[in-house]
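From first to last, the protein sequence lines stand for chains A and B.
What the first sequence shows, in my numbering, is residues 1 to 113, in sequence order.
What the second sequence shows, in my numbering, is residues 114 to 1080, in sequence order.
Take these hints with a grain of salt, some might be off.
[What the hints assert, rightly or not] Pairs of lysine to aspartate or glutamate residues, derived as EDC-like cross-links and limited to a Cα-Cα distance of at most 20 Å, are as follows: (1) B/Lys167 - B/Asp302; (2) B/Lys736 - A/Glu2; (3) B/Lys736 - B/Glu658; (4) B/Lys736 - B/Asp811; (5) B/Lys736 - A/Glu109; (6) B/Lys736 - A/Glu110; (7) B/Lys736 - B/Asp894.
[Said to hold, decoys possible] To give an idea of the interface, some chain B residues facing chain A are shown, with a C-beta separation under 7 Å as derived from the structure: (8) Ala381; (9) Glu382; (10) Ile386; (11) Leu843; (12) Ser853.
I should point out that these hints are in silico values taken from the structure, not numbers from a laboratory.
It should be emphasised that the depicted structure is a prediction, and the values quoted were computed from it without experimental measurement.
Ideal Cβ placement from N, Cα and C applies to all residues, glycine included.
Spelled out from the first residue to the last, the chains are:
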Amino acid sequence: MEIVFAIAVGVTFGSGIWLILRPRTFQLITGLLLMSYGVNLFIFGMGRLWVDRPPITPHTTVDPAQFADPLPQGLVLTAIVIGFATTALYLVMMIGARGLTGSDHVDGEEPRE
Amino acid sequence: MLLASLILVPFAGSLLAALMPENARNREAWLALAIAATGLLVTGLLYPEVAAGKALREEIAWLPSHGLQLVLRMDGLAWVFTLLILLIGLLVVLYARYYMSPKDPVPRFFSFLLAFMGSMLGVVLSGNLVQLVVFWELTSLTSFLLIAYWHHRSDARRGARMAFTVTATGGLCLLAGVLVLGHIVGSYDLDEVLAAGPLIRSHELYRVALVLVALGALTKSAQFPFHFWLPHAMAAPTPVSSYLHSATMVKAGVFLLVRLWPALAGTAEWNWIIGGAGVCTLLIGAFIAIFQHDLKGLLAYSTISHLGLITVLIGIGTPLAIVAAIFHILNHATFKASLFMTTGIIDHETGTRDLRVLRGLRHQLPVTAVLAIVSSAAMAGVPLLNGFLSKEMFFAETALVGGDEHWWMSVAAVAMGMFSVAYSLRFISIFFGTRATDFPREPHEPPRWMRFPVELLVVLCLIVGIVPGVSIGPILHLAVTATLGPNTPEYDLTPWHGFNLPLLLSAIAFSGGVMLYVVLRRYFNLREREQVPVIYRFSGAQAYETSMMVLTRSAQWLLQRIGTARLQPQLLMMMLAMLAVPPLLVGMPRAWTEIPLHEPDPLFAAIWVIGCACAVAGAWMAKYHRLAALILVGGTGIVTAATFLWLSAPDLALTQLMVETVTTVLILLGLRWLPPRIEPKELHLTIPRSVWMRRSRDMLVAVAGGLGMALLTYAVLVHPAPETIADFFLLRALSEGGGSNVVNVLLVDFRSFDTLGEVTVLSIVALTVYALLRRFRPAADSASVPAQQKNAADPASRQTPAEQASGGYLLVAGIYLRMLLPFIGVIAAYFFMRGHNLPGGGFVAGLIFAVAILVQYMLAGTVWVENHIQLRPHRWLAFGLLLACSTGLGAWAFGHPFLTTYTAHVDWPLLGELHLPTAFVFDLGVFAVVVGTTMLMLVALAHQSLRARRLPGDGGSDAGLTDGRNV
Chain A
1 MEIVFAIAVG VTFGSGIWLI LRPRTFQLIT GLLLMSYGVN LFIFGMGRLW VDRPPITPHT
61 TVDPAQFADP LPQGLVLTAI VIGFATTALY LVMMIGARGL TGSDHVDGEE PRE
Chain B
114 MLLASLILVP FAGSLLAALM PENARNREAW LALAIAATGL LVTGLLYPEV AAGKALREEI
174 AWLPSHGLQL VLRMDGLAWV FTLLILLIGL LVVLYARYYM SPKDPVPRFF SFLLAFMGSM
234 LGVVLSGNLV QLVVFWELTS LTSFLLIAYW HHRSDARRGA RMAFTVTATG GLCLLAGVLV
294 LGHIVGSYDL DEVLAAGPLI RSHELYRVAL VLVALGALTK SAQFPFHFWL PHAMAAPTPV
354 SSYLHSATMV KAGVFLLVRL WPALAGTAEW NWIIGGAGVC TLLIGAFIAI FQHDLKGLLA
414 YSTISHLGLI TVLIGIGTPL AIVAAIFHIL NHATFKASLF MTTGIIDHET GTRDLRVLRG
474 LRHQLPVTAV LAIVSSAAMA GVPLLNGFLS KEMFFAETAL VGGDEHWWMS VAAVAMGMFS
534 VAYSLRFISI FFGTRATDFP REPHEPPRWM RFPVELLVVL CLIVGIVPGV SIGPILHLAV
594 TATLGPNTPE YDLTPWHGFN LPLLLSAIAF SGGVMLYVVL RRYFNLRERE QVPVIYRFSG
654 AQAYETSMMV LTRSAQWLLQ RIGTARLQPQ LLMMMLAMLA VPPLLVGMPR AWTEIPLHEP
714 DPLFAAIWVI GCACAVAGAW MAKYHRLAAL ILVGGTGIVT AATFLWLSAP DLALTQLMVE
774 TVTTVLILLG LRWLPPRIEP KELHLTIPRS VWMRRSRDML VAVAGGLGMA LLTYAVLVHP
834 APETIADFFL LRALSEGGGS NVVNVLLVDF RSFDTLGEVT VLSIVALTVY ALLRRFRPAA
894 DSASVPAQQK NAADPASRQT PAEQASGGYL LVAGIYLRML LPFIGVIAAY FFMRGHNLPG
954 GGFVAGLIFA VAILVQYMLA GTVWVENHIQ LRPHRWLAFG LLLACSTGLG AWAFGHPFLT
1014 TYTAHVDWPL LGELHLPTAF VFDLGVFAVV VGTTMLMLVA LAHQSLRARR LPGDGGSDAG
1074 LTDGRNV
């Protein structure tokens, strides 16, 4: 389980790195999306992996060792929602820059080659 | 609170003055007058206590837990300076009322002036050195603003920049010096620092502290080699020159030196650094002053020279020299302020300040002429005027300290005396000669109250000069005893001391000065000379400009060499740093397996095979096949959501799923505005070598980064989890938070402050997106209707989206999705209600509800939806934020901290007992914000296609659309 999870984080993050080093704005936004999956999974993994132990406590008497760590989950939930907001902002910047400069290069102008 | 009020009232007045209308010249002046007068009254009230030899202290707790407090301290020296600042301030305000033109924006002027008054009072009343530096920098700042008051003039801007650069740099040195002092003494409290003189002087860091403090003081008081900023500061309105640049602010430097005299003085370093700078300044300033053609320039250099004189006295450092220094500070403030005001009057009346033009003014301005001549005489040190007394003391001290060995000190003093007589004569020469009629304006005597401040100051010069013992004696004594304490010497304040050496020196200086003036005038063409002889080559201002240019150039050079405005190299550097820095810092992880691992589940592995394939394929396709890439990345998102579900995080799974949906729709809407990018179809396309290299390099970085991240993740996962605060949340979620879904309780209760911040960020982003898109103009090639929608053979291209959904090819989907709307609404409500106990909550419910609306938009188009539902996303945002904040504030009403949750237990008929925590209301706010944000962003994006189609000259099949509601 752990090894699969680690590979998943690595692959999403690595694909993200490749994409954010590309010159086109759309590649950048996809790269950021992929990277945020990797990072969110990574933070989530800080609470270790738990199968069938959601942090839902139906009774007041609780043995904390029997439940997944709720803290990384709370953090990642926040991160997902904020990530959505920044993606939206980036998207608007992307189409705005394209309208303004006429280019979809990340620097706003086509490279001189 | 009296001391605090002295500082606070001018600042409050500054704020008030700034709010007054442009043309309220009288009201502004009255306000400033009232403030200065109140200050004077308070100062007067404090006199008995200060005169009794006490140092008044006020401490205002600021951050008591860190031992930080504002300390205000008023001893005799501070009292005298307070009096000086407020009295000259009062007169300057009165004068400025008449000086400023009705066309000048007076609120700004008086606001800055009052702010300066407050800062300057802060400097003299600070009982803590760091606090003193803060006020010190504030005076630099207000001085900058006042010099640049007429900011349409380039000389004003340049002068302001120069003054600020020099004095603020000095201020930074001073801060460093003060920190060193604090390190030596172990306290920044003025009382303790002053008492620790021997400790400071014997400490190895003494020289460092002294040089740094001296840099601060010498730059502020325009001492050589930093004197050049003061003449350029004369671009300020004359009241400012009179107040800041002669009477008060430039005195801050010498004030500081006097203030720290007990702590720092008494060493050879002190004598040489302070005294040396003073001697140079006094000679250079006085000499250059003779050759000025601008009245204010002459006074500026004279001010520099007099400040030099004071600095020399402080540098000499004997108790009697300190007495003379304080005395001269007061005298100089009196006569120089009056001279500046006279200059302002002359400028005001004749329209020029050029010494080459002005002459014979006694015919037109008889009273002003008399006043100016008397104050110039005081400046030159003529007997029976105040300048004479302190200059006598100066001569006496130089002769005494210099003795036979350092005879040059007396020579320097006499030379300075001669120069000052010469420039004073030059100054008053404008009143003599034949009556001139060729001025830009025909001069008349100024208004009664404009001249009043000058009259008062001149009378003060006379009173102090004739009966010093009665008039200035007690005040001077106050300042002297406060500084010198038990070292206070015997001194005698009388105009006549009999025939002695100082009187002889005075006589030589006086006659020499007159001769020098006559010679210069007759044989050296003083009136027309353009340059100062000999030392014009050593221009401080030129050196300043050159060094500024070198600084700017080298910064540009450095930026060109190591900086880039391009995004890709920056990101590459970031990624490389991310790869390299952590291993360098912590090294490789040590042990591997320490806890029992989970058996790999084949299904889990299988979904991640798909997820990874999607990620890699998405990365591959993102260049030419954006839609495919988007779908593939979405696939990875779904797998991520499934992983959350699998690994005991149902809330995350839900949120990820909904966010995925909304994000995909969002980007789909954006794709429309990107330029087409078609994959080249030619065979045997050769990739240039450089491109190939770049791609290999990026691939290497990407693989290394992914590998590193995977290793790190694995290393973490095989280690046992440390003790965290998770147990706290798990144990208390139900008992104290009133909910069994710990993640939700965490978000809306334990960490609700974070969540409040988060929804605020969401709202801000939504509004930013909205604002950015209001100004958005699409690029020309994506503005027209896409080719797919223009196909004449397709009947759908002649229909609006609404027609397609109501009767066209989307009829089935239309009916189905419209029927679905209430169901999705119910589901959203369901997820919201159960959020506290089961997976769900405001975020998820908000996203679900937003998707319900979104589906309608996608189906029937913007126009149809907005004709049928009034959405108003802005109101959702406002309502949500208001609800969340007021829930938090509600806790205050019951005496609890912000955002404390309260759970009500209500018995309902049929439903039984229900928990109603206030967190529920907070979550409702979150829900509203999420709905508002999502809707606002998507709707703003969706509206762009409406706009684009309304562009002129784009006829086509979209005519029906423009009939719809205007957006």
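Cross-check of the supplied hints:
The suggested pairing of B/Lys167 with B/Asp302 holds, with an alpha-carbon distance near 17 Å, which does not exceed 20 Å. About 33 Å separates the Cα atoms of B/Lys736 and A/Glu2, which puts this hinted pair outside 20 Å; it is violated. Restraint check: the Cα-Cα separation between B/Lys736 and B/Glu658 comes to about 51 Å, which exceeds 20 Å; the hinted pair is violated. Annotation: proposed proximity of B/Lys736 to B/Asp811 holds, straight-line Cα distance about 15 Å (limit 20 Å).
At roughly 17 Å between alpha-carbon atoms, B/Lys736 and A/Glu109 fall within 20 Å of each other, so this suggested pair holds. Restraint check for B/Lys736 and A/Glu110: the C-alpha separation of about 15 Å stays at or below 20 Å, so the hint holds. A C-alpha spacing of about 19 Å is found between B/Lys736 and B/Asp894, which places the hinted pair at or below 20 Å, so the restraint holds. Interface hint status for B/Ala381: violated, as the beta-carbon distance to the closest one in chain A is roughly 61 Å, over 7 Å.
Checking B/Glu382 against chain A by beta carbon gives a least distance of about 56 Å; that is not within 7 Å, so the hint is violated. Residue-level restraint check for B/Ile386 is violated (minimum Cβ-Cβ distance to chain A is 53 Å; threshold 7 Å). Interface hint at B/Leu843: satisfied, since its Cβ lies 4 Å from the closest Cβ of chain A, which is below the 7 Å cut-off. At about 5 Å, the closest approach between the beta carbon of B/Ser853 and any beta carbon in chain A falls short of 7 Å, and the interface hint on this residue holds.
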